[in-house]
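As they're listed, the protein sequences go chains A and B. According to this note's numbering, numbering within the first sequence proceeds without interruption in unit steps and concludes at 270. According to this note's numbering, numbering within the second sequence proceeds without interruption in unit steps and concludes at 539.
Hints in this document: simulated from the structure, not taken from any laboratory. In this text, all values refer to a predicted model and were calculated from it rather than measured experimentally. Here a beta-carbon is modelled for each residue, glycine too, at the ideal position from N, C-alpha and C. A hint or two may mislead.
[What the hints assert, rightly or not] Now the in silico label distances, taken between C-beta atoms and shown as ranges:
| # | chain 1 | residue 1 | chain 2 | residue 2 | range |
| --- | --- | --- | --- | --- | --- |
| 1 | B | Trp294 | A | Ile93 | 20 to 26 Å |
| 2 | A | Gln230 | B | Ser281 | 27 to 33 Å |
| 3 | B | Gly290 | A | Glu195 | 33 to 39 Å |
| 4 | B | Gly290 | A | Phe28 | 55 to 61 Å |
| 5 | B | Ala496 | A | Val192 | 29 to 35 Å |
| 6 | A | Gln267 | B | Gly290 | 47 to 53 Å |
[Said to hold, decoys possible] Over the 12 Å line for every Cβ pair with chain B, so calculated as not near, a few chain A residues:
| # | residue |
| --- | --- |
| 7 | Ile18 |
| 8 | Asp40 |
| 9 | Asp71 |
| 10 | Gln80 |
| 11 | Leu90 |
| 12 | Phe101 |
| 13 | Asp108 |
| 14 | Thr111 |
| 15 | Ile198 |
| 16 | Arg202 |
| 17 | Gly219 |
| 18 | Phe233 |
| 19 | Ile234 |
| 20 | Phe235 |
| 21 | Ile243 |
[As the list claims (entries may be wrong)] From the derived model, a few chain A residues whose C-beta atoms are all more than 10 Å from chain B:
| # | residue |
| --- | --- |
| 22 | Gly73 |
| 23 | Gln102 |
| 24 | Leu106 |
| 25 | Tyr229 |
| 26 | Cys252 |
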Amino acid sequence: MDRTTAAIGDTPANHESIVRLVGVHKRFGNLVVLTGIDLDLRAGKTTVIIGESGVGKSVLLKHIVRLLRPDRGEVHYRDQRIDNLPERDLTAIRPRFGFLFQLGALFDSMTVAQNIAFPIREHTRRKRHEIDKIVREKLSMVGLDGIQAQWPAELSGGQRKRVALARAIALDPEIILYDEPTTGLDPPRADVINELIIKLQRELGVTSVVVTHDMASAGKVSDRILMLYQGQFIFDGTPGEIIHCQDPRVRCFVEGRCHEEDLDSLQVKG
Amino acid sequence: MLTAIGSKTVSSVTALGQWGVFSWQMVRWLLPGLVQWRTWVRAMPLFFEVGNRTLPVIMITGTFVGLVLAVQSYDQLRAAGFENRMGVLVTLSLVQELGPVLAGVMVAGRVGGALTAELGTMRVTEQISALSAMGVDPIRQLVVPRFLACLLLTPLLTFFCDMCGSLAGWFVAVVLKGIPSTHYWYYIADAIESWDLMVGFVKSVVFGGALAIIACYKGFHCRPGAEGVGRACTESFVISFIIILITDFFIGTFFSGLYRGIHGFKSLV
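Turn these sequences into a full structure, and let the hints guide you.
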């Protein structure tokens, strides 16, 4: 099914809110990153956050799972406010999120199977054969069954991300957060990840949030696209709408053109 | 100038506060963790790592310090007619001071640096964030087992250091200088009290715990990149070394005063 077509007529408003950010501000020293972000994530939908490198997309993603605490503002998961919860109370909420880190963040002292089994062992009392079965299932979902005994260092970049994705879905989370899932991969490998994002949303019914600056990926997987620019969202719409957006900042990004001021700073003539 | 001093002071106080919070969080996970089987399962490979990495170098250090102490002190003791008590000087120096300090410094160099590098790399590659994102507390998972391994193994390594030094002293005294072996051991047994052993034990436990917390804290808070990890390792060792020397002085002074208050002055001759 064409994702763009699917998004039209099936607006996010039809679905319940699962995560809500209200007026989130964040700065690191003198660097202001987020300036009053409001975001409402709808259950079962794939939201893509785009923006230039260093604009604060990953910072925003980390606020959703409270890996970062906002300086000001609120973060809600369902009906619960989580930005002010102590770390200990978050351990019950975080397994409902799966987080795919930019570089995978696989534990290099563990094999592939141990990596995927790790969250299951920590949060459930399942027996060893049951855990082995889940590991096999999750690896099959990402098309990598049979590599259980390998070490992360032996895997390619694409395989590492797929294993990390298998680990992220090990506890059957409600929400999967993807931090630059296709960065550093060649186009065919990047497309495999895109297909996986679509497949997981379709088969598991999860809510997905994808942070990327890859427009091909954003267009393919998203139901809704938001563009972050200087700490604020400057676009919120469907993949179809962003193509027709006339905001020059959005146009530059979508078309992959640099800004006039960047050209001036390079002193490029003509 | 004033701005620089102010900024440095603020960053130092902030770092101290962060270290305090980090240590408190570790203690909060440690106490309930002591009765949990999983804590010890996590710590078991680290016991092997700490012991295996450090034992050979500790034994070599203890042996040569014992040899040097014996060789250096023999002539002076002989001139005073106390050469038979050479074992007391060597063993007491090792048990109360040199053993715990040398073992602490060796563990800080051999294990502390490796812990900082390992945790620093995990932080830089977001493995620590991945633990948090899974709902697993990284302090419980990574710091508590490493703290336990250093805390419990530093006294054991100190014991090996003391033993090797004492045997090396025996070698110089008995084999090279012809002092009767029975005299060497008799005066040691006569002079060394359980108090001396307790002081050495307390020091080694404190040094082990302190260097583990410093190494783990530096790893958890290192700056990004290879340079950040390298710098954290160096800082971890230097701070551990200084803390070991400072706490050695305070613990030594405290127990020395306490002993005098309870038992009075103790003469070794």
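The hints, checked one at a time:
| no. | hint | result |
| --- | --- | --- |
| 1 | B:Trp294 x A:Ile93: 20 to 26 Å | 23 Å, holds |
| 2 | A:Gln230 x B:Ser281: 27 to 33 Å | 28 Å, holds |
| 3 | B:Gly290 x A:Glu195: 33 to 39 Å | 49 Å, violated |
| 4 | B:Gly290 x A:Phe28: 55 to 61 Å | 22 Å, violated |
| 5 | B:Ala496 x A:Val192: 29 to 35 Å | 31 Å, holds |
| 6 | A:Gln267 x B:Gly290: 47 to 53 Å | 52 Å, holds |
| 7 | Ile18 | 17 Å, holds |
| 8 | Asp40 | 22 Å, holds |
| 9 | Asp71 | 16 Å, holds |
| 10 | Gln80 | 15 Å, holds |
| 11 | Leu90 | 7 Å, violated |
| 12 | Phe101 | 5 Å, violated |
| 13 | Asp108 | 7 Å, violated |
| 14 | Thr111 | 15 Å, holds |
| 15 | Ile198 | 22 Å, holds |
| 16 | Arg202 | 24 Å, holds |
| 17 | Gly219 | 27 Å, holds |
| 18 | Phe233 | 24 Å, holds |
| 19 | Ile234 | 28 Å, holds |
| 20 | Phe235 | 27 Å, holds |
| 21 | Ile243 | 33 Å, holds |
| 22 | Gly73 | 20 Å, holds |
| 23 | Gln102 | 7 Å, violated |
| 24 | Leu106 | 8 Å, violated |
| 25 | Tyr229 | 25 Å, holds |
| 26 | Cys252 | 29 Å, holds |
Of the hints listed earlier, those the structure fails to meet are numbers 3, 4, 11, 12, 13, 23 and 24, in rising order.
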